[in-house]
Amino acid sequence: MRMLLLLPFAVAAASCGTAPTGGPGRQAETPAEMQRLTALLQRDMHERGQAKMERIEQDDLQRLCNQYADKPPTEQAKRMEEAQLKAIRFPAGSLMGDWKSGEKIAQSGRGMTWSDKPGNSGGSCYNCHEISPKEEAHGTIGPSLKGFARVRGNGPEIQRYVYGKIYNAKAYNACSTMPRFGESHTLSEQQIKDLTALLLDPASPVNH
Amino acid sequence: MAGPMKMRATSQGGVTEIRVLMAHPMETGQRKDASGKLVPMHFIQNVTVKLNGKTVVEGQISQAVSRNPVFSFRVKGGAKGDKVEVSWIDNQGETNKTEATVA
Amino acid sequence: MRALAAAGALALAGAHAPAFAQQSPYADYQRMAAESAPIELYEAGGEEAWKKPQGPKQVSLEKCDLGQGPGVVRGAYAGLPRYFADADRVMDLETRLLYCMETLQGRSREEATKRVFGNADQASEMELLSAYVAGQSHGMPMRPGVEHAKEKAAYQLGRELFYHRAGPWDFSCASCHGQEGLRIRMSELPVLSDPKHVRPLMATWPAYRVSTSQFKTLQWRMNDCYRQMRMPEPKFASELPVALITYLTVNAQGAVYRGPSIKR
Amino acid sequence: MNVVRRLLLQGAGVLAAGLLAPLSALAAWNKEAFGAKNAADALRGIGASGATPSSEVVLEAPEIAENGAVVPIEITSQVPGTRSIAVVIDKNPFPLVAKFDFAEGALPFVKVNVKMGETSDVRAIAEANGKHYQATKNIKVTIGGCGG
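Protein chains in written order, with the numbering used here: chain F, 1 to 208; chain A, 1 to 103; chain X, 1 to 264; chain V, 1 to 148.
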């Protein structure tokens, strides 16, 4: 059904190479450009399901990261991280939940999209991280978390760090790729505790 | 819902390769629709390939063949201009068939 | 026209196969799945839709100018997106098809866009038309418009949008598609600013998605990335998806179009 | 969207099966074998219990599938006198997926896309002169993409 007639084109195409290629990569957005892009998104999108139009609006952190192409000056990054850290609501008492529930939350890539019902979100953790050695189909966008507690232990300080990092990764690295799962109301306090246990509980397969 | 078929039969080096596409949902009976209702089993059960009117392949298949099935078969000989016919029957009694000329 | 084909069956099957990076654990899978995808069903449906009189004017799309002159389908997809003087804007295939539905067939935008994306039971008219028109550029080098000021502006806008972080998860397109050698789950992530990655990709859309058994268009794909970015939905045929598609296609220019093909 | 509806409906009229040439008794749908819920019963159902492993049955398939909804497989039998080829996927809820009978003139070859619920052994079983020969390949079904 396909025609061999087209082969000459294929040969011709092998020797291309004018015009812009990959483009200059990421550039900083000036405040004016940022405003223009936000206005364009406002004009050219519509809300659907739980994905409301206010999701287009930039917060201070997004503005900073867009303005500096994810590499803000150290001082500003530090101030931003402090502000984000201050907004984390750490629960009282133990931060360790149930690692088995944590594994389910880590597996689920659902939640927060226009095709998901509100609530009941997963953490999409395996999309980016190696976690339990039993799950081979893991992403590599984030670092491997295999054996996480083996080197770090599971004391109160590391619990607080893991809980805080999941709640708001930007408190530790202003322009991190990782979403702010607590701050964005994606995951509940209990869900973040369960994920903390997945990484830190000695019984979790992560630490086997 | 079941639908059209597409087929091509190409002869090369004394072998005719028959590639046939069938629009068919191949429902397993385990899928739920948007309203949460189970979609009834609906799948092709029998596929018959004929060369110049003579049956050369008879296939029985289950709901585990992928949606919109694509099959390739090979027959010996088959000169340009020969007629290939492929037909199917599903578990709900629907049928379809298509013909092609060997190229 | 297709009847002219005299190639061997193997060559024919291979025609749909995308060239994937060999290091991908899915390379064999993708090659074999591409060879056995039911794409001709959609192309045939699209040809029928193209020739069917519709709308208040009861005419077909056969006089639609996709950039190579009224009615020229062969090679048209490989020249898109591009600037169209009659509409005074840059258009991708879907936007141009909608323009022809409105202007030639006299259909309202509302009616013509009521169901642009179909489902597994029933493909949409736009999906079928995309399959047909794209298939008619098979084997041709992709040459989107890069000269006109509005083409340059669309490219620039697409690039800016590509890197713009927003939404509850602070994502941009580049969060997943900006760095070499990364995977999401087991799937390799193509770097969409890099011609080496984006060429094989753009050369194979629109595509049959094996995971849902549906034929999908590029505007659908842009929308699905925004969905995964937890953002609202882009409006069909608006400047937003057209700019992104322009950015990606220009990055891929020179690639030989080998679609429609398959995707996960 | 009439076009589409028509496209999807055309030619798919519900005809009495008798309007098409009747299938031979051999190829009538084997309800018992297709209804079997484990590989052993499925094999018994097609009379292929105790098939001999054979390198003359060639099963080409990807080692790892990006999605279980479409797994392409290709089977060629080089066993002289091959009359049929069957496909059994051990871990599917109903393991018997297909059986193709070849008459004089057909080559013992078939290519088909199958669904797999999970990682499993896939068997290709060729029948020749009343004996069964088998090739087995493990195909891994994984999760690709962002999920959801």
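Just so you know, these hints were derived from the structure itself, not from any lab.
Check each hint, because a few of them may be wrong.
Beta-carbon label-pair distances, calculated as ranges [to be verified]:
| id | chain 1 | residue 1 | chain 2 | residue 2 | range |
| --- | --- | --- | --- | --- | --- |
| 1 | X | 147 | F | 36 | 40 to 48 Å |
| 2 | F | 104 | V | 32 | 34 to 42 Å |
| 3 | A | 30 | X | 122 | 16 to 24 Å |
Simulated coverage check for chain X against chain V, where a stretch passes if three residues somewhere in it have a Cβ under 8 Å from a Cβ of chain V [what the hints assert, rightly or not]:
| id | segment |
| --- | --- |
| 4 | 185–194 |
| 5 | 209–218 |
Source: prediction; values computed, not measured.
Note that CB positions come from ideal geometry on N, CA and C, so glycine has one too.
Outcome of the hint check:
{"no.": "1", "hint": "X:147 to F:36: 40 to 48 Å", "in the structure": "violated, 24 Å"}
{"no.": "2", "hint": "F:104 to V:32: 34 to 42 Å", "in the structure": "holds, 38 Å"}
{"no.": "3", "hint": "A:30 to X:122: 16 to 24 Å", "in the structure": "holds, 21 Å"}
{"no.": "4", "hint": "185–194", "in the structure": "holds (count 3)"}
{"no.": "5", "hint": "209–218", "in the structure": "holds (count 4)"}
Hint 1 from the earlier list is the only one contradicted by this structure; the remaining hints agree with it.
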